[in-house]
Each structure stands twice: as C-alpha cells, then as structure tokens.
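Undergrad: What follows is the residue order along each chain.
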Amino acid sequence: MAKRAAPEVNAGSMADIAFLLLIFFLVTTTIEKDKGLLRSLPPIDDTEYEPPIIKQKNLFTVLINRNNQLLVEDEEMPLEDLRQAAIDFLDNGGGTNPAGESCDYCKGERDESSSDHPDKAIISMKHDRETTYEKYMDVQNELVAAYNFLREREASRLYKQYYPDAENVYSAMLEEKEKNQFSKDETLNERIETIKNLFPMKLSEAEPDKT
Amino acid sequence: MSKFRKKEKGELPAISTASLPDIVFMLLFFFMVATVMRDSSLMIENQLPSADQVEKLKKDRTIFIYAGKPSSQYKQFGVEPRIQYNDAFITVEDVQPSIYQGISEMNEELQSKVVVGLKVDKNTNAGLVSDIKQELRKANALKVMYIANTKTEE
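Chains as they are written, first to last, in numbering that gives the first Met the number 0: chain C, 0 to 210; chain G, 0 to 153.
Check each hint, because a few of them may be wrong.
Derived EDC-like pairs: lysine to aspartate or glutamate, alpha-carbon spacing no greater than 16 angstroms straight-line [what the hints assert, rightly or not]: (1) C:Lys-34 <-> C:Glu-204; (2) G:Lys-55 <-> C:Asp-33; (3) G:Lys-58 <-> C:Glu-177; (4) G:Lys-142 <-> G:Asp-86; (5) C:Lys-32 <-> G:Glu-54; (6) C:Lys-56 <-> C:Asp-118; (7) G:Lys-57 <-> C:Glu-177; (8) C:Lys-54 <-> C:Glu-111; (9) C:Lys-125 <-> C:Asp-73; (10) G:Lys-137 <-> C:Asp-44; (11) G:Lys-121 <-> C:Glu-177; (12) G:Lys-57 <-> C:Glu-206; (13) G:Lys-150 <-> C:Glu-174; (14) C:Lys-34 <-> G:Asp-51; (15) G:Lys-74 <-> G:Glu-44; (16) G:Lys-118 <-> G:Asp-86; (17) G:Lys-55 <-> C:Asp-44; (18) G:Lys-137 <-> C:Glu-206; (19) G:Lys-58 <-> C:Asp-33; (20) G:Lys-137 <-> C:Asp-45; (21) G:Lys-55 <-> C:Glu-174; (22) G:Lys-142 <-> C:Asp-45; (23) G:Lys-118 <-> C:Asp-33; (24) G:Lys-55 <-> C:Glu-204.
Simulated from the structure, these hints should not be mistaken for lab results. Treat the numbers as computed from the prediction; the structure is a model and nothing was measured.
Given only the sequences and the hints, what does the whole structure look like? Please build it.
TA: Below, the structure written as structure tokens:
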C-alpha cells in the first residue's frame, strides 16, 4: 500500500481547552499568603503557688476598655504613642537584673521609677470582653514592635559586621535561620539567643473579667 | 481604489497560533504548582485585622480556626460571632476536641509543633478570642498565630 501522509490535526481548539483549565484553577485555588503574629500561650498550671512579687515599677500595664480606649500606666494614651512608651519602659535600665548586673546596653533614661532591667520588665495587657479584635491586634502589634525595635537595635550593634548590607540585622539573622533549617548553624542560633536574652519578651495577658 | 488593491497583493500570511496552547499550558502549570485548593468555604465574615510585625506561617503544622459573624448567606445562624472549624460552626466547648482531631490528622513529627492559626474577623469581640485561647490552653496547644494582613508602612 502506498504510504499516505496523515492529515494534519487542527489544534486550534487546544488553546481554548488550556484556557478553560487555567481559568478553573484560577477560580478554585488560592495562593497561600498567611502571615500573622506568633504568640505563645501560658500553659495551665494547677499547682498552687505564691505568685512572685513584682515591683510595680517593673510592670507596664496596658488596659483596653470596651470603647477601645487605651489606658497605659493609669493614663489615657493614643495608640500612636504606645510603641514609644513601651520602648522607653523596656529600655530604661534603672537598676540591676536578678543577677545583680546593671543594663549596660540600655539607652534609656535610667529613671528610678521605671523598670530596673529588661530582664525584669514585664508588659501586662488586659482587655475587656467587648473590645474589638482589631484594637486588640493593634495593641499587640505595637507591643511586639517595641520588642522588635530594641532587638533590632542590639543586633545591629553586635552583629552588624556579619550583615553589612542588611537593613534590619535581626530579621536578616532570622531569615538565615529559616533558610538553613535542615542544617543547624550553631553560631547563628547562639547569636539569636543572645539577642533574645537581651530583651526577653515578657508580655503577659490577663483574662478579661467575666461580667 | 487602486490603493486597496495594492495591499491585497502583498498580504501577510496568517500568524501561527500553534504556540498559544504552550504558553497557556505554562501558565496553567504555574498556577497548579503555586496555589492550593480552597479547603473550606467560609461561612463567616472574615476581614482580618492588619499588623506590620508579622511572621510567615508554616502551613504544614497549622490548624485553622475561624471566627466572626455569620456571613449574609448564613443569616439563619444569627448575628452573634461564631467559631468555625473545617466546614461547620462549633461552640466554644467543641474547640478542644476539634483541636485534638486536627492534631491527630497531622504528620507525627509535626504534632508537637502544632500552631493554631486564628483567623478572626476584626469586628469580633476580643472576649470570644480569649474564650478560644482558654480552650487552647486546656488542649495544650499553646502556640497561636493571630493571622493578619500585612500593613503597608505609610
């Protein structure tokens, strides 16, 4: 039999089919882009014990009422000032830590009536049940921002030479840790721990009153 | 008239569209790889609050809990904020078993590192959130992530 060339198949509709599939995927799928504030909750502890005595000056109280107003250290404060107030409180360094060392890296005013040492400084926030979640998140965000600002500052003081191009040294370090999560870099982890210990995040939340 | 004639003479051949499917398939594969299927349909309004100190979420070890007012199609559930897990509304008491169930469905090596992602509508009362958190503490799932939109710096 004589060989005949197979007739060319019209592939004009192929594009249409592919478009159909493409549009299906565009509609039914999402690109994951979830980000958020990572926080740890305190475990429930049943053991009865005397709560440690915390000096009033080492406690930075933030209250949010049901009308979303802020009461910081018994004074009403707009949200915009909260970050700076928290930084001033944490960075004060007026006294010594439990080990008796004074805070030599603090750049605060060393006010006798404010916190002794970042080790001892505790931020306590309390909100009403009627507070909106948005306001709650705003406040959390500002407080975390205060810690991050100070950690960032210490990181650039201590480790700037390793990250000369990085704008934010601390986040550059965290990013690097994220990248080599399968191969542990001891020195990097140690450095991150050092920064975290300089300004330990002591942010406690009180349960809202049941009313 | 003769002007038009001239044009017809030097007519261009039809442009081949044979590579169009290839291009579209390329796009298709990109979307298939880069995206995931929507896993649960939201029965609540879910406008996330915004924050600028956000961290990335590790998807593989996260259990999501949604909370907010029932959206317009689910008006029969009232206007009070509700909690949603997977595809159903749950009460505060159900949070604990739901978390246990979610943990048991996860990879074994990730079970101890579980993070609970809270996707809460920004107009919800913070009291509901603290109820959920109390339940999470009881369930010993202590890492939470308040999921938020990234705020752009002005």
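Undergrad: Could you run down the list of hints and mark each one as holding or not?
TA: Quick rundown of the hints versus the structure:
Between C:Lys-34 and C:Glu-204 the alpha-carbon distance is near 22 angstroms, which puts this suggested pair outside the 16 angstroms criterion. For a cut-off of 16 angstroms, the pair hint linking G:Lys-55 to C:Asp-33 stands: about 7 angstroms separates their Cα positions. Among the hinted pairs, G:Lys-58 with C:Glu-177 is consistent with the structure: their alpha-carbon atoms are about 14 angstroms apart, no more than 16 angstroms. Distance hint between G:Lys-142 and G:Asp-86 is unfulfilled; the C-alpha atoms sit about 23 angstroms from each other, more than 16 angstroms.
At roughly 11 angstroms between alpha-carbon atoms, C:Lys-32 and G:Glu-54 fall within 16 angstroms of each other, so this suggested pair holds. With a CA separation close to 13 angstroms, the supplied pair C:Lys-56 and C:Asp-118 stays within the 16 angstroms bound. At most 16 angstroms may separate the alpha-carbon atoms for a hinted pair to count; G:Lys-57 and C:Glu-177 meet this at roughly 11 angstroms. A distance of roughly 12 angstroms separates the Cα atoms of C:Lys-54 and C:Glu-111; the hinted pair therefore holds under the 16 angstroms criterion.
Taking the CA atoms of C:Lys-125 and C:Asp-73, the gap is about 13 angstroms. The hint holds against a cut of 16 angstroms. Distance restraint check for G:Lys-137 and C:Asp-44: the Cα-Cα separation of roughly 10 angstroms lies within the 16 angstroms cut-off, and the hinted pair is therefore satisfied. A threshold of 16 angstroms between alpha carbons decides the hint, and for G:Lys-121 with C:Glu-177 the separation of about 30 angstroms lies outside it, so the pair is violated. This hinted pair does not check out: G:Lys-57 and C:Glu-206 have alpha carbons roughly 28 angstroms apart, beyond 16 angstroms.
For the hint pairing G:Lys-150 with C:Glu-174, the CA-to-CA distance comes to about 20 angstroms; that exceeds 16 angstroms, so the pair is violated. For the given pair, C:Lys-34 sits about 10 angstroms from G:Asp-51 by alpha-carbon distance, which is consistent with the 16 angstroms threshold. At roughly 11 angstroms between alpha-carbon atoms, G:Lys-74 and G:Glu-44 fall within 16 angstroms of each other, so this suggested pair holds. This hinted pair checks out: G:Lys-118 and G:Asp-86 have alpha carbons roughly 14 angstroms apart, not beyond 16 angstroms.
For the hint linking G:Lys-55 to C:Asp-44, the alpha-carbon distance of about 30 angstroms lies beyond 16 angstroms, and the restraint is violated. Between the alpha carbons of G:Lys-137 and C:Glu-206 the distance comes to roughly 14 angstroms, so the proposed pair stays at or under 16 angstroms and holds. At most 16 angstroms may separate the alpha-carbon atoms for a hinted pair to count; G:Lys-58 and C:Asp-33 meet this at roughly 8 angstroms. For the given pair, G:Lys-137 sits about 11 angstroms from C:Asp-45 by alpha-carbon distance, which is consistent with the 16 angstroms threshold.
Taken as a hint, the G:Lys-55 and C:Glu-174 pair is honoured in the structure, with Cα atoms around 10 angstroms apart against an allowance of 16 angstroms. A threshold of 16 angstroms between alpha carbons decides the hint, and for G:Lys-142 with C:Asp-45 the separation of about 20 angstroms lies outside it, so the pair is violated. Restraint check for G:Lys-118 and C:Asp-33: the C-alpha separation of about 10 angstroms stays at or below 16 angstroms, so the hint holds. Simply put, G:Lys-55 and C:Glu-204 have alpha-carbon atoms about 23 angstroms apart, too far for the 16 angstroms limit, and the pair is violated.
Of the numbered hints given earlier, the model fails hints 1, 4, 11, 12, 13, 17, 22 and 24; all others are met.
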